[in-house]
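J.: The chain contents come next:
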Amino acid sequence: MLRYLAGRLFRAILTIFLVITFAFFVLHLSGDPAMMILSADAPPESIKAFREAWGLDRPLWVQYLAYIVHALQGDLGNSMRDGRPAIQLVLERVPATLAITLPAFALKLLIGIPAGIYAALHRNSWADRLTMMVSVAGFTVPSFVLALVLVLVFSVQLGWLPSAGSDKPASAILPIVTLGVAGAAILARFTRSAMLEVLGQPYIRAASAKGLQWRKVVVEHALPNAAIPTVTIVGFMVGTLIAGAVVVESVFAWPGIGRLLVSSVSNRDLAVVQAILLLVAATMVTSNIIVDVLYGWLDPRLRSRGGARGR
Amino acid sequence: MAGSIRACAAGEARVAARRSHPGKVARFFEAWPPLTLIALAWIALMVIVAFGADLLAPYSFTALDLRARLSPPVFMDGKWAHPLGSDELGRDVLSRLIMSIRLSLLIAFFGTIIAAAFGTAMGFVAAHFRGKVEALILMMIDFQASVPFLIVALAVLAFFGNNLVLFVMLMGLNSWERYARIARGLTLSANEQGYAAAVRQLGASNLRVYGLHVLPNIASTLIVSMTITFPETILLESGLSFLGLGVQPPLTSLGNMVGYGREYLTRAPWIMLSPAAVIVLTTLSISIVGDWLRDRLDPTLR
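These protein sequence lines are chains A and B, in that order.
If you number the first sequence the way the numbering used here does, the last residue is 592 and the count never jumps.
If you number the second sequence the way the numbering used here does, the last residue is 303 and the count never jumps.
Since the hints were derived computationally from the structure, they do not count as laboratory data.
Any given hint could be a false lead.
As the list claims (entries may be wrong) - Below, computed lysine to any residue pairings styled on SDA-like, alpha-carbon distance capped at 25 angstroms:
id, chain 1, residue 1, chain 2, residue 2
1, B, K133, A, T302
2, A, K497, A, P510
3, B, K133, A, R292
4, A, K449, B, K133
5, A, K449, A, V430
6, B, K133, A, R289
7, B, K133, A, I301
8, B, K133, A, I297
9, B, K133, A, R284
10, B, K133, A, Y285
Assemble the whole structure, with the sequences as input and the hints as a guide.
T.: Structure follows, in structure tokens:
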């Protein structure tokens, strides 16, 4: 298990390293940042000064090494727009993003998993059909459409909730609901099919054939086994806590990472985009590792085999 | 995750099939469920609109009609001059919608084709060379899966700026790893089977073996995967365009229209509602047809 974890950790670090490299080379292949920030008709002296100030006049590999060394020290460069450290700008936004993504995550779990289990246990009942109908919508309705429809109903028509901003606690409700409903629909569908697959297994029939109460069969045999595939998707949702709200934050003018990303992209503030990319990759990779460890804990079969179940 | 949806939809379809009575009409609807027919009809309509956009659009999509600004659609007591209403410059929403459908479908279509072609090729390469090449491709797949593509797409757009060709290529990169994974797995098992080895023994080139023999054998799985990628690409494109970072004006796409209509949510919700409805109905229809195709073509895909 320990050896497996070490290998997993190595791959995680490799992935993050790849992300840094990707970000660096895409940046430097894409043209001259000096031209982008200062515009093409800036005087040559100021372009030269800008290049020297940002180290853009050095050979590419020197810049790359310098970037890696700085990144390892936690320095991801300064925002080319307002000169503050990019990492600081990004970390400032984390609490705002988590303020909507964490409650939304709880909402997904609290609605999605019970709904999925109930639907699987009452297959083809009206509740099952309703769950599935709603969950199809979760896949096919883009979040910005859902968000705008919610705004149309609850802000414009009924006037109950603010449509945008972050000045009141009530402002968080619509973003949370938008994120939560879509995620819950996906999770319900996933849990249901995981549950149905387990319920069709011979060991479930065996357990009920030996006279075990149905309740006990479900709680002790079906649920733990259905948990394994469900953990994958939940782990993926943990990974999107930081980056999963780009569109929703933009719709609701919520001052989180997502909006910072969109505005940095439109401003071509490359250092900030790189810092966000790195943060997102780190979150995803960490949650993948947690999922892998959870697999080992949930599924003893994997422990003995050394626990490889892909990602 | 979409795979398992298909799985449960397949189960539902089987249950439904068992209940139906044998008869000519019933047998027809068993093979062609009504929901699938409706979905197919919607897709056909969208394709017709996309191809005939220039003929169908009542106005030029950039034509201004300043005397009929923000005129409501017919179903909200508007005039037939602008059946789906007009925006704040008096541009006809129906005409813009038709042009948007064309561009969005075009982007999604080429994005899907690029993803399928590139991914399948990578899968073949990985399965053919094994060893270091395979490890490298698997690492790229891991990399692709470790960062949400929306973020990567935003980063690339930040660095390279935006034009339509780059944007379509980017959409094509979205889910190549799905095809690479499928193609690699299926090719590995195809290479174990006799037919690939037999053709190779006959002296066929690698291109011939993979293109003419392995590809047709794994095509149905790849086609079904395309019905998952296509709506995903529509959603990705419309999401980016909604944020103002995808398709750029004067071109118009469905996401673009929604993003633009959001400014007029209170005064003119119709600008945003019709493209939103088209996005939802189209992705839904393709998913339904995909489920149905999966049942017909490839009962093993999950």
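J.: Now look at each hint and say whether the structure bears it out.
T.: Going through the hints against the structure:
no.: 1; hint: B:K133 x A:T302; in the structure: holds (20 angstroms)
no.: 2; hint: A:K497 x A:P510; in the structure: holds (21 angstroms)
no.: 3; hint: B:K133 x A:R292; in the structure: holds (16 angstroms)
no.: 4; hint: A:K449 x B:K133; in the structure: violated (55 angstroms)
no.: 5; hint: A:K449 x A:V430; in the structure: holds (21 angstroms)
no.: 6; hint: B:K133 x A:R289; in the structure: holds (19 angstroms)
no.: 7; hint: B:K133 x A:I301; in the structure: holds (22 angstroms)
no.: 8; hint: B:K133 x A:I297; in the structure: holds (20 angstroms)
no.: 9; hint: B:K133 x A:R284; in the structure: holds (22 angstroms)
no.: 10; hint: B:K133 x A:Y285; in the structure: holds (21 angstroms)
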